[in-house]
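Chemist: Going down the list, the sequences are from chains A and B. The opening residue of the first sequence carries number 1 in the numbering used here; numbering runs sequentially from there. The opening residue of the second sequence carries number 1 in the numbering used here; numbering runs sequentially from there.
No lab work stands behind these hints, which were simulated from the structure alone. Incorrect hints may have been included.
[Claimed, not checked] Lysine to aspartate or glutamate pairs mimicking EDC-like chemistry, simulated, CA-CA at most 20 Å apart: (1) A:K13 with B:D212; (2) B:K97 with B:E35; (3) B:K16 with B:D100; (4) B:K243 with A:D47; (5) B:K175 with A:E5; (6) B:K16 with B:E52; (7) A:K202 with B:D156; (8) A:K13 with B:E252; (9) A:K202 with B:D153; (10) A:K112 with B:E226; (11) A:K95 with B:E252; (12) A:K2 with B:D156; (13) B:K175 with B:E226; (14) A:K95 with B:D156.
[Claimed, not checked] Here are the simulated distance ranges between beta carbons: (15) B:P113 with A:V64: 31 to 41 Å; (16) B:N110 with A:F7: 20 to 30 Å; (17) B:A58 with A:Q105: 22 to 32 Å.
Yeah, the Cβ is synthetic: ideal placement off N, Cα and C, and Gly gets one too.
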Amino acid sequence: MKWSEFFTSSVGKKFVMAFTGLFLISFLIVHVGINACVFADMYEDSDNGEMFNKAAHFMGSSYVIRLMEIGLFAGILLHIVQGYLLEVQNRARRKQGYAVNMGSQGSAWYKKSMGLLGTLILLFLIIHIAHFWVPSRITYEETLSQASYNGREMHDVFSKMADVFSQPVWVLLYLLGCFSLAWHLLHGFQSSFRTVGVHNKKWLGVVHSAGVAFSIIVPLIFALMPLSFYFGWVTTTTK
Amino acid sequence: MEHYTMNLTLKVWRQKSSKDKGSFETYQVSDISSEMSFLEMIDVLNERLITEGKEPIAFDHDCREGICGACSMYINGRPHGPWEANTTCQLHMRAYKNGDTIVIEPWRANSFPVIKDLMVDRAAFDRIIAAGGFISANTGNAVDANATPIEKDKADAAFAAAACIGCGACVAACKNSSAMLFLSAKVSHLALLPQGAPERKSRVLNMVQQMDKEGFGSCTFTEACEAVCPKEISVANISRLNKEYLIAGLTEEK
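Same shape as in the complex, but just chain A:
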């Protein structure tokens, strides 16, 4: 069997979705870990984003990580394109629909709405990338102020976050993004493992529990970031 046949069969296409999905799940762990550094200001009032800015600087200054970033964008793109292709192809498998539909019998709404949830996440991603990735990686200093720690100059992404999340409209949109991500993960996490062949009850139990925990904890930590800035739990100044 040729590689092209392997990855273009109905099962192979799902492997692509599952493997890229699992890759993106692993990225979320890194992303949420780095970003959680903003909470350092809660414990050390004089932090004012220093820990986060240094972590963000590290993530942007290493060529290894910049190369991994290319892999990340490729993974996201593959997941999106393959996801939409599958959605379109699968929908076309039933030209004539039913007069009475099954609704949510036997299948929860979010399991059937991965395309919609994915689209909401994509729209959120466009806004999110425009807010933070573009100024810190493409346009550089023009829209970002600089921070200096022990004589080392770096982007003050923390101040940018404080600026963006001072506006309720962005806070609400980010919360909607986290909400969509949570539901998408609730199905996607365990579905990815099942797609790549996890079928024994012992492991399915672990995958299910880990999936529910991951889908709640990670989006919740992300959601706490805009809320923390908006309600002044973390600030750019020392009280």
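Knowing the structure of chain A, use the given hints to seat chain B on it.
Modeler: Chain B alone, transformed into the frame defined by chain A:
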């Protein structure tokens, strides 16, 4: 349960042939016994239609014992009707009450074209089986049943998968019209047994290829198929099929 009779309104899909557009026809049926099966209720209506000189409703049926997989009706938005782990022929009219309206449709999927009324062509399933759902052992004298030791758990899992009657309810219920529950039952049944081992890799590759040729969708684990399966085939079989496909695809020599 106490016997009762009921009057019902039926909205039945009528379609002269695969080329006909088709539409719903409404029928009133009266004095239907709660002890009748669903198909017997259609029989009563058909006898009346024949007496009136009209074309009876065409539908698939054979054993009427829930084991052949021939009956296939999508009843009020659910394959095989409201009861769980049940075929249409084993659905009884006590599931309904006087005055109910029942909408009856054929399975809907491009791969299951309507032949007439509620009958669909499920030959795609036969072609998938023909692509690898068998073992190529020469038959001879029947060997002793205990000559090949099989672990009890595996024998049970293989038997549970082999219970699939190929009715197509999984395809009918799936939003993607995916045949993966059917295919996974057929692949698992043989993959779990030593007799299926020699053709294990080529079987899964060939059967998936045939399934794709037939135009079924892919599995997104919504589990609607498992919920409506009259034989309660588990979606865990789909994961097993995927594992078989992954190993076969990566290790097959060709």
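Chemist: For which of the previously enumerated hints does the structure constitute a violation, in increasing order of number?
Modeler: When the structure is compared with the hints, numbers 3, 4, 5, 11, 12, 14 and 15 turn out to be violated.
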